[in-house]
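Listed in order, the protein sequences are those of chains A and B. Numbering of the first sequence is given in this note's numbering, commencing with residue 140 and proceeding in unit increments. Numbering of the second sequence is given in this note's numbering, commencing with residue 6 and proceeding in unit increments.
Among the clues, some could well be false.
Footprint (simulated), chain A over chain B, 3 or more residues, beta carbon under 8 Å [claimed, not checked]:
(1) 16-29
(2) 35-46
(3) 126-137
Think of the hints as simulated: they come from the structure by calculation, not from any bench. All residues carry an ideal CB built from backbone N, CA and C; glycine is no exception.
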Amino acid sequence: MAHARLTPRQYLILGLVSLCAPLGDTCLSRGMTGLPEITIAHPATLFAAVYTPWIALGIALLIGFFASYLTALSWADLTFVLPATAFGYVFVALFARFFLHESISLERWAGIVLITVGVGFVANGPSLTVSPKVQPETNAGAADVEKEQAR
Amino acid sequence: MTIPSPAPQPGFWAATAMIAAIVLASTAGEVLTAAAMKSIGDLDEIRARTGLKGAIRAVLTCPLFFAGVSFLALAFFSLLFALNHMNLSLVAPASASLTLVTNAIAGKIFLKENVDRRRWAAALLVCIGVYLLAH
Numbered sequence: 140m141a142h143a144r145l146t147p148r149q150y151l152i153l154g155l156v157s158l159c160a161p162l163g164d165t166c167l168s169r170g171m172t173g174l175p176e177i178t179i180a181h182p183a184t185l186f187a188a189v190y191t192p193w194i195a196l197g198i199a200l201l202i203g204f205f206a207s208y209l210t211a212l213s214w215a216d217l218t219f220v221l222p223a224t225a226f227g228y229v230f231v232a233l234f235a236r237f238f239l240h241e242s243i244s245l246e247r248w249a250g251i252v253l254i255t256v257g258v259g260f261v262a263n264g265p266s267l268t269v270s271p272k273v274q275p276e277t278n279a280g281a282a283d284v285e286k287e288q289a290r
Numbered sequence: 006m007t008i009p010s011p012a013p014q015p016g017f018w019a020a021t022a023m024i025a026a027i028v029l030a031s032t033a034g035e036v037l038t039a040a041a042m043k044s045i046g047d048l049d050e051i052r053a054r055t056g057l058k059g060a061i062r063a064v065l066t067c068p069l070f071f072a073g074v075s076f077l078a079l080a081f082f083s084l085l086f087a088l089n090h091m092n093l094s095l096v097a098p099a100s101a102s103l104t105l106v107t108n109a110i111a112g113k114i115f116l117k118e119n120v121d122r123r124r125w126a127a128a129l130l131v132c133i134g135v136y137l138l139a140h
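Produce the entire structure from the sequences given, and follow the hints as far as they go.
In structure tokens, the structure reads:
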């Protein structure tokens, strides 16, 4: 199937999206579990949480994630970017397995396999829906090739 | 030194409401943000033309982007709130995997993206995979 190929730079950006998001979330969780209970009656405590080191680091990583995510969304579909970048969860699990020597249960290996297969599905398809104005249905392949040549 | 005792786990409906709030807010935020970025155009090209400042200006002058970011911020604070009441091992996989599916539906309806069988399959596989992995 002919479709616009991603450049190495674009793969790099998808990689950054994948890595910064789970690492940032991990920092946030580490920061939040250390805090006393936050209730809806005292919403100010939620904002104070932003200044603790783990949460600040988590937010810095998530800002990096957001910048690369916005860039990715500017040239690829949301329904392409989201599954493709879920691969970050796999990176983090494998990192925990081989560098932190955590054990991975059978359930988690199953999760890794499913995500990898899912990412393979989208990665093999087109990354961007070309609008019908530009691309008549009968001429799908040709329009993609034109787009590729225009790059 | 006293170790703070963990908060009691909320009931089924409270937990559902907290996760639903995260999923709805982040789906709305992601769809609006994606629409904003599509209206702006390829950021790499904009940056090549007008530099990093030009790219940042292009994003910051787009009203749709701020609508998206408001919902994403709402989702972020709902997540922080939920994490303080429930285990990460429930909140993170449940909200992340449900968001993949709601985004596929919203992407098809609102962004008119071509969600073909390949993308449905990917959304579902990754949804189950994320749940299993993060659980």
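Okay, the hints, checked on the actual structure:
1. 16-29: That given contact is violated, which follows from only 0 residues of the region 16-29 of chain B lying within Cβ reach (below 8 Å) of chain A.
2. 35-46: Coverage by chain A holds for the region 35-46 of chain B (8 residues, Cβ < 8 Å).
3. 126-137: Held - the region 126-137 of chain B has 11 residues with a Cβ nearer than 8 Å to chain A, which meets the minimum of three.
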